[in-house]
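Asks: Listed here are the chains, written in short residue letters.
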Amino acid sequence: MSKMVEAEEAQMKKEDDDPRVLAISSSIRVVPNFPKPGIMFQDITTLLLEPKAFRDTVDLFVQRYKDKNISVVAGIEARGFIFGPPIALEIGAKFVPLRKPKKLPGEVISEAYDLEYGSDCLQMHVGAVEPGDVALVVDDLIATGGTLCAAINLLG
Amino acid sequence: MMTEAKEEVNNEKKQEQQVVDDPRLQAISSAIRVVPNFPKPGIMFQDITTLLLQPKAFKDTIDLFVERYKEKNISVVAGIEARGFIFGPPIALEIGAKFVPLRKPRKLPGEVISEEYVLEYGTDCLEMHVGAVEPGETALVVDDLIATGGTLCAAIKLLERVGAQVLECACVIELPELKGRERLNGKSLYILVESH
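Chains as they are written, first to last, in my numbering: chain U, 1 to 156; chain C, 1001 to 1196.
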């Protein structure tokens, strides 16, 4: 058990030291008071304007996941649609979009989650994912974890 | 002059024929699911999510676009929210271009420019970040499907307003009966699959 933890920590340290991470970090723009006063919004669109940094971002994920037998990459609308598909394509997995209500046509399953005020809902197509599939959930950012939790519940 | 023009037309026709004959297209076309009466009665919705469930067909879709665009000096791929975000970035990554998301109002943080367009009932609006695209850049616009061409037209206008040159619009699916092709400000359209 201890050896596994050591190996994980060693890998995480390697990733922290990866020189590509600095360029990625610097290309993310912080926009104050969006969408409302007091929130410092992490804007990844500036990362997408730098082809090498965007390429490195995807590569870092692909390196980590390519030999893990992942059959599904689930991306959370809409910025998860930017990072998820390139990863899915490179590791040979299906891409499954997880969407706000009423966007996906046909039969869906829904999972509600809490917002600061009120609640929202995430949906996935019935039949997109099969029992036994191994899944990765992708989004641009994790804040409170509400949407990611809903995503995990949909898949599980 | 006349002979040159004729040669160009013949070359274009040859290229179109090559695309039509490409064996990858059959699998791509069959992977798209039609969902009747969505989002409202009478509409046959072209659902690309089933294409995304087939890694080879999804890869082939991207490859077909990349093969067409990789040596065209495209510096910007603009993708229309949200399904354009699925196809645009993989293309941008492979051809070494920037990816610029074009979004519904109030989604993009910071300074944006807006272009209004007409819907069946009412209007909607497409936004792009100020500064994302610079004058003189060559752009490709990507979406999953062209119907009436309204959103693509708005996208072209946004890019032209900032001084970019739109080389072409690229979509997986066209609904030819809706004549969207004619609403693209004279820009050409490249599609993989027609749906009637």
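I should point out that these hints are in silico values taken from the structure, not numbers from a laboratory. Everything numeric in this text was worked out from a predicted model, so none of it was measured. Positions of the beta carbon are idealized from the N, C-alpha and C atoms, including for glycine. Don't take each hint at face value.
What follows is a list of derived Cβ distance ranges for each label pair [claimed, not checked]:
| hint | chain 1 | residue 1 | chain 2 | residue 2 | range |
| --- | --- | --- | --- | --- | --- |
| 1 | U | Met4 | C | His1196 | 14 to 22 Å |
| 2 | U | Asp120 | C | Ile1043 | 40 to 48 Å |
| 3 | U | Met4 | C | Arg1181 | 54 to 62 Å |
Derived lysine to any residue pairs resembling SDA-like cross-links, with alpha carbons at most 25 Å apart [what the hints assert, rightly or not]:
| hint | chain 1 | residue 1 | chain 2 | residue 2 |
| --- | --- | --- | --- | --- |
| 4 | U | Lys100 | C | Gln1165 |
| 5 | U | Lys36 | U | Gly106 |
| 6 | C | Lys1107 | U | Ala143 |
| 7 | U | Lys52 | C | Phe1045 |
| 8 | C | Lys1056 | U | Gly118 |
| 9 | C | Lys1107 | U | Asp114 |
| 10 | C | Lys1059 | U | Ser110 |
| 11 | U | Lys103 | C | Phe1045 |
| 12 | C | Lys1056 | U | Val30 |
| 13 | U | Lys102 | C | Tyr1121 |
| 14 | C | Lys1107 | U | Pro19 |
| 15 | C | Lys1104 | U | Glu90 |
| 16 | C | Lys1040 | C | Cys1125 |
| 17 | C | Lys1072 | C | Cys1125 |
| 18 | C | Lys1107 | U | Val30 |
| 19 | U | Lys36 | C | Val1112 |
| 20 | U | Lys52 | C | Ser1075 |
| 21 | C | Lys1107 | U | Ala7 |
| 22 | C | Lys1059 | C | Gly1131 |
| 23 | U | Lys103 | C | Ser1029 |
| 24 | U | Lys36 | U | Gly92 |
| 25 | C | Lys1070 | U | Asp120 |
| 26 | U | Lys68 | C | Leu1053 |
| 27 | C | Lys1059 | U | Phe61 |
| 28 | C | Lys1059 | U | Asp120 |
| 29 | U | Lys103 | C | Ile1095 |
| 30 | C | Lys1070 | C | Asp1021 |
| 31 | U | Lys103 | C | Pro1105 |
| 32 | C | Lys1056 | U | Tyr65 |
| 33 | U | Lys68 | C | Asp1060 |
| 34 | C | Lys1040 | U | Gly127 |
| 35 | U | Lys52 | U | Asn33 |
| 36 | U | Lys103 | C | Asp1021 |
| 37 | C | Lys1059 | U | Asn33 |
| 38 | C | Lys1040 | U | Ser110 |
| 39 | C | Lys1104 | U | Leu141 |
| 40 | C | Lys1107 | U | Glu90 |
Asks: Now tell me, hint by hint, if it's right for this structure.
Replies: Against the structure, the hints come out as follows:
Taken as a hint, the range 14 to 22 Å is violated for the pair methionine 4/U and histidine 1196/C, whose Cβ atoms sit roughly 57 Å apart. The beta-carbon spacing between aspartate 120/U and isoleucine 1043/C, approximately 26 Å, falls outside the hinted interval of 40 to 48 Å. Separation of methionine 4/U from arginine 1181/C is about 57 Å and conforms to the stated range, judged on CB atoms against 54 to 62 Å. Restraint check for lysine 100/U and glutamine 1165/C: not satisfied, since their Cα atoms lie roughly 34 Å apart, outside the 25 Å limit.
For the given pair, lysine 36/U sits about 34 Å from glycine 106/U by alpha-carbon distance, which is inconsistent with the 25 Å threshold. A C-alpha spacing of about 17 Å is found between lysine 1107/C and alanine 143/U, which places the hinted pair at or below 25 Å, so the restraint holds. Note on lysine 52/U and phenylalanine 1045/C: the hinted pairing is violated, with a Cα-Cα distance of about 36 Å set against a maximum of 25 Å. Of the supplied pair hints, the one linking lysine 1056/C and glycine 118/U is violated, its CA atoms being roughly 41 Å apart against a limit of 25 Å.
For the suggested pair lysine 1107/C and aspartate 114/U, the alpha carbons sit about 20 Å apart, so the restraint of at most 25 Å is met. A hinted pair counts as satisfied when its Cα atoms are at most 25 Å apart, and lysine 1059/C with serine 110/U does not qualify at roughly 28 Å. At roughly 11 Å between alpha-carbon atoms, lysine 103/U and phenylalanine 1045/C fall within 25 Å of each other, so this suggested pair holds. Only pairs whose Cα atoms come within 25 Å are accepted, and lysine 1056/C paired with valine 30/U is rejected, the gap being roughly 37 Å.
Taking the CA atoms of lysine 102/U and tyrosine 1121/C, the gap is near 19 Å; set against the 25 Å cutoff, the hint holds. For the suggested pair lysine 1107/C and proline 19/U, the alpha carbons sit about 31 Å apart, so the restraint of at most 25 Å is broken. With a C-alpha separation of about 29 Å, the suggested pair lysine 1104/C and glutamate 90/U falls outside the 25 Å cut-off, and the hint is violated. Of the pairs offered as hints, the one joining lysine 1040/C and cysteine 1125/C holds, with about 21 Å between alpha carbons and a cut-off of 25 Å not exceeded.
With a C-alpha separation of about 29 Å, the suggested pairing of lysine 1072/C with cysteine 1125/C is violated against the 25 Å cut-off. At most 25 Å may separate the alpha-carbon atoms for a hinted pair to count; lysine 1107/C and valine 30/U meet this at roughly 15 Å. Taking the CA atoms of lysine 36/U and valine 1112/C, the gap is about 16 Å. The hint holds against a cut of 25 Å. About 13 Å separates the Cα atoms of lysine 52/U and serine 1075/C, which keeps this hinted pair within 25 Å; it holds.
Of the supplied pair hints, the one linking lysine 1107/C and alanine 7/U is violated, its CA atoms being roughly 40 Å apart against a limit of 25 Å. Proximity of lysine 1059/C to glycine 1131/C is assessed by CA-CA distance (about 31 Å); at most 25 Å being required, the pair is judged violated. Taking the CA atoms of lysine 103/U and serine 1029/C, the gap is near 22 Å; set against the 25 Å cutoff, the hint holds. A hinted pair counts as satisfied when its Cα atoms are at most 25 Å apart, and lysine 36/U with glycine 92/U does not qualify at roughly 39 Å.
The hinted pair formed by lysine 1070/C and aspartate 120/U fails the criterion: a straight-line CA distance of about 41 Å is larger than 25 Å. Taking the CA atoms of lysine 68/U and leucine 1053/C, the gap is near 18 Å; set against the 25 Å cutoff, the hint holds. As the CA atoms of lysine 1059/C and phenylalanine 61/U are separated by approximately 18 Å, the hinted pair is consistent with the 25 Å bound. Between the alpha carbons of lysine 1059/C and aspartate 120/U the distance comes to roughly 33 Å, so the proposed pair goes past 25 Å and is violated.
Taking the CA atoms of lysine 103/U and isoleucine 1095/C, the gap is about 30 Å. The hint is violated against a cut of 25 Å. At most 25 Å may separate the alpha-carbon atoms for a hinted pair to count; lysine 1070/C and aspartate 1021/C meet this at roughly 21 Å. A hinted pair counts as satisfied when its Cα atoms are at most 25 Å apart, and lysine 103/U with proline 1105/C qualifies at roughly 17 Å. Of the supplied pair hints, the one linking lysine 1056/C and tyrosine 65/U holds, its CA atoms being roughly 18 Å apart against a limit of 25 Å.
For the hint linking lysine 68/U to aspartate 1060/C, the alpha-carbon distance of about 23 Å falls within 25 Å, and the restraint holds. The suggested pairing of lysine 1040/C with glycine 127/U holds, with an alpha-carbon distance near 22 Å, which does not exceed 25 Å. Pair hint lysine 52/U plus asparagine 33/U does not hold up; C-alpha atoms about 29 Å apart against a cutoff of 25 Å. Taking the CA atoms of lysine 103/U and aspartate 1021/C, the gap is about 33 Å. The hint is violated against a cut of 25 Å.
Between the alpha carbons of lysine 1059/C and asparagine 33/U the distance comes to roughly 39 Å, so the proposed pair goes past 25 Å and is violated. Of the pairs offered as hints, the one joining lysine 1040/C and serine 110/U holds, with about 20 Å between alpha carbons and a cut-off of 25 Å not exceeded. Simply put, lysine 1104/C and leucine 141/U have alpha-carbon atoms about 20 Å apart, close enough for the 25 Å limit, and the pair holds. As the CA atoms of lysine 1107/C and glutamate 90/U are separated by approximately 28 Å, the hinted pair breaks the 25 Å bound.
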